[in-house]
Amino acid sequence: MRRKLFAIEQVADVNIIYVVKLEGSFNLSQLQSALSRVQRKHPALRGLISDEPDGSYFEVDSAPEIPLRIVSRLSEDDCQRECQTELNTIFASDQPQLRAVWLRSELENDLLLSTSHRICDAMSMFTIVKEVLRALHSYEELIPYKTVTTRDLIGDYQPQRPWKSKLAARLFNSLLRLIPSSSRMPENKEFHLEWKADQLLSDTLKQRCKAEGVSVHAFLMVALERALFAVFGREKLPKWIINPIDLRRGRFAALKSDMVFFGGGNFKISTVPAPDVEFWARVRGVNEKIRNEVEREILNIPSRFHLIEMLRPLTSRQIQWIVRLGDAFKFNRISSRFGLSELANGSWNRFGLSNLGNIVINESDAPFRVKDLRLYIHSFNVRMLGLIPYTLDGEMRFYCVSDEKCLSRNEADSLKLEFIALLQREFSPINTGDIKGAPMMAAELVRNG
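In terms of my numbering, the sequence shown is residues 9 to 457.
Among the hints, a few may not be true.
For lysine-lysine, the following DSS-like pairs were computed, each having C-alpha atoms within a straight-line distance of at most 25 Å [unchecked claim]:
(1) LYS154 x LYS12
(2) LYS197 x LYS247
(3) LYS197 x LYS424
(4) LYS214 x LYS276
(5) LYS29 x LYS204
(6) LYS214 x LYS424
(7) LYS29 x LYS379
(8) LYS174 x LYS12
(9) LYS218 x LYS204
(10) LYS138 x LYS204
(11) LYS154 x LYS49
Bear in mind the hints are in silico, worked out from the structure with no lab data behind them.
Please put together the full structure from these sequences, using the hints given.
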């Protein structure tokens, strides 16, 4: 089967890596068998991507087996080196969109699973990680998924005025052709910061959100908003926080069987520079806004995909030109004077927030134990700027990634400290009532950071 990549799949030239630290034993044949069975299950792992003049195409059931490299693990430096190698290695057109590296030692092992954002977002990749680990100690054959197409998202949608949609697509395509091409790849120099809250603080946070009738995501949005305001101030504050939507929660029937589908929508919420508004009042307001935005975005998915699929995809060089334009108009007096402060931070004034939720991996019948799990991302074209929270073994973790064109290292360090300070204020003994140990929890948070 051959299908054209969705527009967002063609733009998102990003590598994602999960690093799983394992304590226990397995052998080469078990790992090869696990990778093979997971590949047979997912069409996205059995295909090759080819770039053609009118866009990129996906050829299902044409890929060789998932490549596996084995490296001796002598120190933590080996893992960091292999991570950098995988992050910076583009997926070749004759290889599947998943790679594996096994850093082997007698006491513990690191398993690196790398994929392309073209087929798999961070949440989807976690599905792959769980299935590989499960297949390492279970020889059950996995039931293959069917391939998801644009028709599964668009369904029987038809615009009220088809001629109007076609005219809009032609106008957009005419404008897209006017975008110049850049002959130089953007120099993406990303760095990341990681910190975490211990289990007691994480539980306290969840209990407070439950008592307030709000989601943890709404809390995280306001915490990020306040931290950004403290770092950037009113003038340089990124205008939007962008949040991806997981469409695989029963709203689209065809997606129930394909849990590595990628290509959904997102919603954005404006950062309101109003630090005088009481914190939890702001969280409650954002929580309600999130519900409305998600429902609105989901209703708009069929019409949006219908229009997008009629558009001419941007080439890599056109995307590079847009990125370089954003770099040129990074916030300064000239861009502010002419109303171009929308390009303030080198990432089109957007800050991503992708909450992966609670991640459960360890299984009681497994011959090994997952000691740690981390993820890393790298973009080959667009600038990365975002925060990825997730909970592992009861501890809430935070992975912040930024290109140097978006945040300086000093700004990123300040953002981290402001975020930690906010948690310390909100969950101090005064604010947590009968919950004990908040000063100790705050100190633990800083140490882990």
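Query raised in the report: What are the numbers of the hints that this structure violates, sorted from low to high?
Result: none
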